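Letter by letter, the chains look like this.
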Amino acid sequence: MRIFLSTVILLAISALLIFAVAEMPAFGEGAALAHEGIMPKFVREAQFDTGANNVIAAIILDYRAYDTLGEATVLFVAVVAVSAMLTKGHIK
Amino acid sequence: MTDMVLETVARIIIPFIQLFGAYVLMHGHLTPGGGFSGGTIIGASLILYSMVFRFSPRKHRIEHDTSLLFEAGGAILYILMGLLGILFSKSFLTNRGIFPLGVPGELISGGMIVVITLGIGMKVAGTVITLFQELLEGGGEHHGHN
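Chain order of the listed sequences is P and D.
Note that our numbering gives residue 64 to position 64 of the first sequence, counting from 1, and the numbers run on in steps of one.
Count along the second sequence starting at 1, add 1000, and that's the number in our numbering.
The set of hints was computed from the structure by calculation and includes no laboratory data.
Nothing false has been slipped in among the hints.
Below are the SDA-like pairs computed for lysine to any residue, each with C-alpha atoms no more than 25 Å apart in a straight line: (1) K41/P - I1098/D; (2) K1090/D - I1108/D; (3) K41/P - E29/P; (4) K1090/D - Y66/P; (5) K1090/D - D49/P; (6) K1090/D - L1118/D; (7) K41/P - V1103/D; (8) K1090/D - F42/P; (9) K41/P - P1104/D; (10) K41/P - F1092/D; (11) K41/P - G1097/D; (12) K1090/D - T68/P.
All values reported here derive from a predicted model rather than from experimental measurement.
Just chain P, same shape as in the assembly (with noise of 0.2 Å):
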């Protein structure tokens, strides 16, 4: 019962991801959707509103600085989680 279970559902995720990529556009249209929305205007105006070459750098520390410092905060959180997990002794 429990197999039978697991593969009606493994069928029906993976009907659904299916139908998701075929309906995805083909590899190396122009007309994808991923061409059309921001991109064009980061790859035009990145240098000039950032002054740096590196359009990636110009994206994820100036207009997606706020969410960098978030993945920042991420890597803080882990140290602290481990340091509060192995620390000898007891605190009171």
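Starting from the known structure of chain P, arrange chain D on it as the hints suggest.
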């Protein structure tokens, strides 16, 4: 237990790894790379140092307080850069209009991106070495009033 070959090789190779890490950090706004990758490279060199010289007679390890200083210092540097934006009555983490952007392509350009990259590099290197040493040694002593 010490190994002469290991220590000699490590002594030669660690400065080059750290130089490469500093290069990746400093050129984060010009070439592929940046804070996370450069910080990881420097952290890897510190892991190598900590592993090789672990058993040598003199105490060779990156102190917990030192790595904590780097860890927190990087984050504070990042947040201070963001607060400068508020100080000049722009939004948090504003770059253009507050920091001089310089000529694109030169080493000192990009305004706050350079500073933030250095901050993230410090932070990631501190994270890597702290996690490694804590997991290796089962954590530091709890210093504080017991």
